[in-house]
Amino acid sequence: MSEPVREAQVSRPTLEALPVLVATALLAMALFVRSIPGGPPLDPSDRTRDRDALREPMQLLGRGAATRVAELDERVSLELRAEWTRLRQAVFAVSRCPRTGDWLDTVDGLAFERLFSELRRGSRDDALAAQVLLVEIARRTKWAPGLLARTSDAERLGALLQEWMRTWGSRAASDAQLSEPALAGLLLQARLERATYLRALGRDRERYDRAVETFQRLLEDAQGQPTELARALDARHPGLGTGLAGRKDGLEPLDTVAGRFFPGLNGECE
Amino acid sequence: MSPQPREPLTARQLLYACVLVALGGLLLGLQVDGNGEFVGTGYSSLGVGALVALAAVLFGSGRDTRSPRDLVGAFSAVCGFLGLAFLVSGVLAPGGGWMFFEVLLLSIALSRAGREQPVLSRGMVALLSLLLLFRLWISYQGSQHRWEVVSLDVPVLSSLPFDFLAPIQSVELGEFTPRELGFPPAGLDFAPSLALWAAGFVLCVVGLAWRSRAAIEYENDRIHAVIGELPPTLAHIVERVLPESQWVELGLHGLADRPLRKRLEELVVARIAARRELELATQSRELLGVADLGGFSGEILRALTQGPAPTKDTP
Chain A
644 MSEPVREAQV SRPTLEALPV LVATALLAMA LFVRSIPGGP PLDPSDRTRD
694 RDALREPMQL LGRGAATRVA ELDERVSLEL RAEWTRLRQA VFAVSRCPRT
744 GDWLDTVDGL AFERLFSELR RGSRDDALAA QVLLVEIARR TKWAPGLLAR
794 TSDAERLGAL LQEWMRTWGS RAASDAQLSE PALAGLLLQA RLERATYLRA
844 LGRDRERYDR AVETFQRLLE DAQGQPTELA RALDARHPGL GTGLAGRKDG
894 LEPLDTVAGR FFPGLNGECE
Chain B
1458 MSPQPREPLT ARQLLYACVL VALGGLLLGL QVDGNGEFVG TGYSSLGVGA
1508 LVALAAVLFG SGRDTRSPRD LVGAFSAVCG FLGLAFLVSG VLAPGGGWMF
1558 FEVLLLSIAL SRAGREQPVL SRGMVALLSL LLLFRLWISY QGSQHRWEVV
1608 SLDVPVLSSL PFDFLAPIQS VELGEFTPRE LGFPPAGLDF APSLALWAAG
1658 FVLCVVGLAW RSRAAIEYEN DRIHAVIGEL PPTLAHIVER VLPESQWVEL
1708 GLHGLADRPL RKRLEELVVA RIAARRELEL ATQSRELLGV ADLGGFSGEI
1758 LRALTQGPAP TKDTP
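Line by line, the protein sequences are chains A and B.
Terminal number for the first sequence in the working numbering: 913, no gaps in between.
Terminal number for the second sequence in the working numbering: 1772, no gaps in between.
If you're looking for bench data, these hints aren't it; they were derived computationally from the structure.
Heads up, the beta-carbon is just placed ideally off N, CA and C, and yes, glycines get one too.
Hints may contain errors.
To be verified - Simulated coverage check for chain A against chain B, where a stretch passes if three residues somewhere in it have a Cβ under 8 Å from a Cβ of chain B:
{"#": "1", "region": "659-666"}
{"#": "2", "region": "679-687"}
{"#": "3", "region": "864-874"}
Said to hold, decoys possible - Calculated cross-link-like contacts (lysine to any residue; reagent style SDA-like; alpha-carbon spacing at most 20 Å):
{"#": "4", "chain 1": "A", "residue 1": "Lys-891", "chain 2": "B", "residue 2": "Ser-1608"}
{"#": "5", "chain 1": "A", "residue 1": "Lys-891", "chain 2": "B", "residue 2": "Glu-1629"}
{"#": "6", "chain 1": "A", "residue 1": "Lys-785", "chain 2": "A", "residue 2": "Ala-708"}
{"#": "7", "chain 1": "A", "residue 1": "Lys-891", "chain 2": "B", "residue 2": "Glu-1605"}
{"#": "8", "chain 1": "A", "residue 1": "Lys-891", "chain 2": "A", "residue 2": "Arg-842"}
{"#": "9", "chain 1": "A", "residue 1": "Lys-785", "chain 2": "A", "residue 2": "Glu-913"}
{"#": "10", "chain 1": "A", "residue 1": "Lys-785", "chain 2": "A", "residue 2": "Arg-799"}
{"#": "11", "chain 1": "A", "residue 1": "Lys-891", "chain 2": "B", "residue 2": "Trp-1604"}
{"#": "12", "chain 1": "A", "residue 1": "Lys-891", "chain 2": "B", "residue 2": "Leu-1609"}
Can you build the whole structure from these sequences, using the hints too?
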């Protein structure tokens, strides 16, 4: 028997065994992986608690925020702390329901805008502090357009919230402290946007398109797929985070949920 | 460089094709959910795929008695069957009325294709690709929370800005539900799932096509080995009389050793007898029973007795 043939006969079982083993393992895996169950969607409130995260941050956006807001004093960045302490007292003392635009033009209002801009570009505690102030202003001032379609108040407030969402929207979705406030901010923004485009009959088409585009940037990636924020929203409120453009009024479902989330926060200081 | 024996090479080709099929099946069995985790596509679609593959095997090769003759051949056949099941389950709509329509379509097409070689003809691959595209499209629609194949705006009505007209402003064609799509509970991450399914589809198709070719070569090698047992001159004559390109049509593939030898004997005897008969006929005009003729008959007669007429290409 010639040498090459003998070598081939000796090595043939080994050469055949390897692909047989690999193919068998892959076939077994191909059958096994089909049984891998999918977990439920991860609700923002179910995220593993961060040791440094503030507990129940949503309480700071609710009606009883005044009872806990002082907890943020020692969390806000040192260089902003004094300004924060003064302004949060001023904001939580606003009464008699002034129009939002009017209040923002006061000394405290202008100081708030400056502080808000600094806070939203700071740490996650700063960002939460900024949102707490914004939600409280939305609660204590009047921004509902009314029959005369006076939308400038809602627009100013909405622009501030939009800045916050632009900075934190994508990052906050996976943050144990900010994920729930980010969703709440998204719902409130939908409420404010709707106030700017809804009219007694129909809606302002241009403003509506702009609002939908703003939300699409937050909720959809470049390929039209849901972002992490949209998935978090879907986990909490199924169907809300996707299909924005396909709806007749894309923001209406978000606004409806905002009504349940922020009872009484309707721009009328109720 | 030492010559490589042919048989181990074709056996390895067959097995590597099986590896491709198995890898394709693995990818087709996975999807990525909204939490970014791998989730299985379930057994129901695989079960339906296996039924379609079985129908293709049973109805497509009902008169075919070929069967694997050794472990490599048997392993390859199992991979071929599973590969077809993976492929079909990968392109089917995961559930609902669409799936049953597709099952019917594929069963008919695969059964017809199974009578010829290979099962995955170009037309069949095109059909499977179209079904995969349809599955990807409805999955995309579902990932956008649009639960219909296509939505058409009604002219004029759709441009009116009245919400109460919403139910009649568009027509939804081919509606389905999230359950029919078999989406994971956390939703489907479309982009990576698309990549998995497309790669799995390509691997399965390439693997099955390669396996089909390698299986023919592997059987040819086995028949060569049987013929090779004859003295070299005799083996050469047998291979001239029964060319390798006709072995599939002559039913030599898949025969056990003894029936294969008997079949070879029969074929050689029949073909040699036919040749002898023809040679005798061409040597005797009386046997042909015709006289010198002109025209068409004359040309045929001349070809039989003297060979083909010279052309400008022949010296």
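Each hint, compared with the structure:
no. : hint                   : result
1   : 659-666                : holds (count 5)
2   : 679-687                : holds (count 7)
3   : 864-874                : holds (count 5)
4   : A:Lys-891 / B:Ser-1608 : holds (13 Å)
5   : A:Lys-891 / B:Glu-1629 : holds (14 Å)
6   : A:Lys-785 / A:Ala-708  : holds (19 Å)
7   : A:Lys-891 / B:Glu-1605 : holds (16 Å)
8   : A:Lys-891 / A:Arg-842  : holds (15 Å)
9   : A:Lys-785 / A:Glu-913  : holds (10 Å)
10  : A:Lys-785 / A:Arg-799  : holds (12 Å)
11  : A:Lys-891 / B:Trp-1604 : holds (15 Å)
12  : A:Lys-891 / B:Leu-1609 : holds (14 Å)
Hint check: no violations occur; every hint is consistent with the structure.
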